[in-house]
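Student: Protein chains in written order, with my numbering: chain A, 466 to 941; chain B, 554 to 869.
In case anyone wonders, no lab produced these hints; they're calculated from the structure.
We put the beta carbon where it would ideally sit given N, CA and C, even for glycine.
Take the hints with a grain of salt, since some may be wrong.
To be verified - In silico DSS-like links for lysine-lysine, alpha-carbon gap of 30 Å or less: (1) Lys771/A with Lys649/B; (2) Lys649/B with Lys662/A; (3) Lys819/A with Lys792/A; (4) Lys822/A with Lys506/A; (5) Lys822/A with Lys527/A; (6) Lys661/A with Lys706/B; (7) Lys649/A with Lys662/A; (8) Lys706/B with Lys649/A; (9) Lys527/A with Lys771/A.
As the list claims (entries may be wrong) - Which chain B residues face chain A? A few, computed with CB under 7 Å, are given here: (10) Ile619; (11) Phe620; (12) Asn758; (13) Phe832.
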Amino acid sequence: MSADKKMSRRDLLKLAGVGSAGLVMSGLPVTVVAQDAVTIKVQAHGLDDNQLLPIADLLVAKHPHVSVDWVVLTGIDHEEVAAKILALVAAGESIDVGYAATEATQLFAGQGLAAPLDDRITGDADQDFWTDYFADVHPSLVEAMMYEGSLYEPPRDFNAANMYFNTNTLAENGFDVPGPDWTKDDFVEIARGITKKDDSGNTDVFGYAWINRLWGSWMPWIFVAGGNLYTEERAPGGNWCWDGYYEGDPAVEGRGGGFRWRTPIANSDEVVEALQLVVDLWQEGVTPDIEMGSGATLTGFYATGKLGMTPAGGFWAGRLKNEGMEKGDFDVQLWPAWRNQKHQFGTGGHWLAKGAKAPEEGWEFMKIEVSREGFEASPFFYPVIITTSARRSYSQAANYESTGPANYEVFYDTLDKHPSTSPIPAPPWANPMTTIFTTGTSNAMSGAMSPQDALDQMQSELEALTARQPQYYADN
Amino acid sequence: MTTAKGAADSRGGFLHWLLQDTMDGLRRRRAILGYLFLLPTLLGIFVFTAGPVFVSFGLSLFRWNIFRPPDYIELANYERLIGDVRIAISFGNTLKFTVLAVATQVSIGLILALAVHRISNTAMRYYFRTTFFLPLLMSGAAVAVVMGYIFHKEFGPLNYYLGLMGVQQIPWKTSADWVMVTIVITSAWRNLGFTFILFIGGLSNISQEVLDAADVDGAQGFRRLWSVTIPLLSPQILFATVTGVIGAIQVFEEPFIMTRGGPGNASRTAVMVMYEHAFKDIEYGYGSAIAVVLFLVIMAFTATQMWMSRRWVFYQ
Numbered sequence: 466m467s468a469d470k471k472m473s474r475r476d477l478l479k480l481a482g483v484g485s486a487g488l489v490m491s492g493l494p495v496t497v498v499a500q501d502a503v504t505i506k507v508q509a510h511g512l513d514d515n516q517l518l519p520i521a522d523l524l525v526a527k528h529p530h531v532s533v534d535w536v537v538l539t540g541i542d543h544e545e546v547a548a549k550i551l552a553l554v555a556a557g558e559s560i561d562v563g564y565a566a567t568e569a570t571q572l573f574a575g576q577g578l579a580a581p582l583d584d585r586i587t588g589d590a591d592q593d594f595w596t597d598y599f600a601d602v603h604p605s606l607v608e609a610m611m612y613e614g615s616l617y618e619p620p621r622d623f624n625a626a627n628m629y630f631n632t633n634t635l636a637e638n639g640f641d642v643p644g645p646d647w648t649k650d651d652f653v654e655i656a657r658g659i660t661k662k663d664d665s666g667n668t669d670v671f672g673y674a675w676i677n678r679l680w681g682s683w684m685p686w687i688f689v690a691g692g693n694l695y696t697e698e699r700a701p702g703g704n705w706c707w708d709g710y711y712e713g714d715p716a717v718e719g720r721g722g723g724f725r726w727r728t729p730i731a732n733s734d735e736v737v738e739a740l741q742l743v744v745d746l747w748q749e750g751v752t753p754d755i756e757m758g759s760g761a762t763l764t765g766f767y768a769t770g771k772l773g774m775t776p777a778g779g780f781w782a783g784r785l786k787n788e789g790m791e792k793g794d795f796d797v798q799l800w801p802a803w804r805n806q807k808h809q810f811g812t813g814g815h816w817l818a819k820g821a822k823a824p825e826e827g828w829e830f831m832k833i834e835v836s837r838e839g840f841e842a843s844p845f846f847y848p849v850i851i852t853t854s855a856r857r858s859y860s861q862a863a864n865y866e867s868t869g870p871a872n873y874e875v876f877y878d879t880l881d882k883h884p885s886t887s888p889i890p891a892p893p894w895a896n897p898m899t900t901i902f903t904t905g906t907s908n909a910m911s912g913a914m915s916p917q918d919a920l921d922q923m924q925s926e927l928e929a930l931t932a933r934q935p936q937y938y939a940d941n
Numbered sequence: 554m555t556t557a558k559g560a561a562d563s564r565g566g567f568l569h570w571l572l573q574d575t576m577d578g579l580r581r582r583r584a585i586l587g588y589l590f591l592l593p594t595l596l597g598i599f600v601f602t603a604g605p606v607f608v609s610f611g612l613s614l615f616r617w618n619i620f621r622p623p624d625y626i627e628l629a630n631y632e633r634l635i636g637d638v639r640i641a642i643s644f645g646n647t648l649k650f651t652v653l654a655v656a657t658q659v660s661i662g663l664i665l666a667l668a669v670h671r672i673s674n675t676a677m678r679y680y681f682r683t684t685f686f687l688p689l690l691m692s693g694a695a696v697a698v699v700m701g702y703i704f705h706k707e708f709g710p711l712n713y714y715l716g717l718m719g720v721q722q723i724p725w726k727t728s729a730d731w732v733m734v735t736i737v738i739t740s741a742w743r744n745l746g747f748t749f750i751l752f753i754g755g756l757s758n759i760s761q762e763v764l765d766a767a768d769v770d771g772a773q774g775f776r777r778l779w780s781v782t783i784p785l786l787s788p789q790i791l792f793a794t795v796t797g798v799i800g801a802i803q804v805f806e807e808p809f810i811m812t813r814g815g816p817g818n819a820s821r822t823a824v825m826v827m828y829e830h831a832f833k834d835i836e837y838g839y840g841s842a843i844a845v846v847l848f849l850v851i852m853a854f855t856a857t858q859m860w861m862s863r864r865w866v867f868y869q
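Excised from the complex, chain A in its bound form (with noise of 0.2 Å):
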């Protein structure tokens, strides 16, 4: 209507119907169509100690009708955890999200409990959040939790095995941690210069120790001694992923559409030569006797002085802070080298149920814990580091201002700065895979098998294993 047009009686008719109509319905009550109320179910750690309620509350604050509610599952390990969840389903109880580390992911989707996100995620408007996200995260993370070419896990957190020193402890013998191209040989001199032994040979301070699971370990040993416990090949697939969010990125050259561990090698030279250097150590009383658990008795040992170095990644800042131990008390280094310096690390998130009961909601809880919003809310990361951020940022100075370590670069340089890095052999069948390596390991740490025998027998017990396993690789 142009402005000098001159208003018709229809023209004011019309405007007074409206105007009267507006009148009428702003004297009515106001109704306004609320959405249905949705609940997911998220798995979590503890209630006490949820540190994902942060993230339900800013879900929630988006979001009011969506409350969540926490399905608890504890365990020692990462397979405990895994066991727990196959029971619950078993059981047929539903679950909408849960959390799986490197140890689950193959596992969880290989037997399509999980949902393959890649459609969501290349199909989100919001491209602008996956791409930041991505140029984040370094792509070994993401490979790891991909499965015959699709995505099941954004990964939020990863640690690394690295090795921690009691800096106190090194002092007193005359040792400074080492820098980051130390070997093998110098890690053997600095755990036995820091051993101490009392008059009747106990052993009072141990120069290095380790608990007896599949992340850490002697598993570190194996990696750069050259072996793994089965062949590592690469799934075709994940172009859409490496082309769409990491193009010109050289860290991208190579990947593949996730892990296929499907030939055991358990018993190759390397392995065996890896077993050996542990179990002298033991014998040598440089390691305490090797047992299996969560680590507890490791941090005690290690807070009270009676232990120098051990395998760890950035979650264990957080759990020695919390054992008493100040900033500077500990430091850590990248694991040695020896016939190479191949890192290995594990990688977690979150997974969405293929058989959801709210899968867009459950994927908003994803998408919001891995974003930077969630990042800077989550308790995982700040003050107190509790495992290591997946996304480069938040695995900053600031994030280890309270805890340290001082090195804590080191974190991030396995990925960043060592292409070859990769993660922990996790194939659907990680769960029996796992008591046969800690069974055989134990084996070898007790004394009750020479290296070379408990291999052997670990590499048979895998090649059963494997050959009972249905066809969980697309090619085989």
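Fit chain B to the known structure of chain A by using the hints.
Tutor: Leaving out everything else, chain B in the frame of chain A:
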């Protein structure tokens, strides 16, 4: 074909039969009322006890991981079980544990009961009864966690005090030679209260006249214990042994929490292997086959014990 009239007649016949105003009718009504009261329990047993047992038998003939359809494989799970070295070791460990644990629980429970029974001070008797019985009320998991720390080789208090006496550190949980002893001590410590209280009850029921008669006949001390007291306690000993064996064959908490079956397979038990296969490895068929074999083993042990009891159990 039953006609509508015929059906009505038969219903009427049943009601008439039930409601007859005779002694037989009254007995029938009482019997039916009794069965009605039994019905919830019978249903519970069928749904929660017998049902799962039958389902386990059925499942053991399938390969099933809950995510894929079950695959009928006849007796393949049992064939695999026969050749499975870990199964053989775990059943052997279970047998070793059962013999050691039951013998320890019964013998020490009996010794403690005899000692406490002789205490004349009532307050002290109650004190000891409560003390010995208390561990039984504790959570098995909690006991295993605490015992795990106590038996720690380097930092456990047990080795610390043994060290003060000049004993070298004992690898309680990390040596294949020691680990079963550790599990037995832990289990026996917790379960001792049951056999103890059972024997205390049995000793209280032995007639003083019989004991006095034995005295008169010259049976005192060990002779009276061996020839009079123990035979009179034999029903309690049988009960303690049968329930002890059934419980011991199913041992899980202590080895699972304290050692995870290690070192190697040295403390891996039959129920642990069953749990690992069914719930960790999601092989429900194979786990069920192990459960079936375990069920048969327990049944065989119990039947043998009951059969042998005819030779040594004396009922007053």
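Student: Would you list, in rising numerical order, the hints stated earlier that this structure does not obey?
Tutor: Violated hints: 1, 2, 3, 9, 12; rest satisfied.
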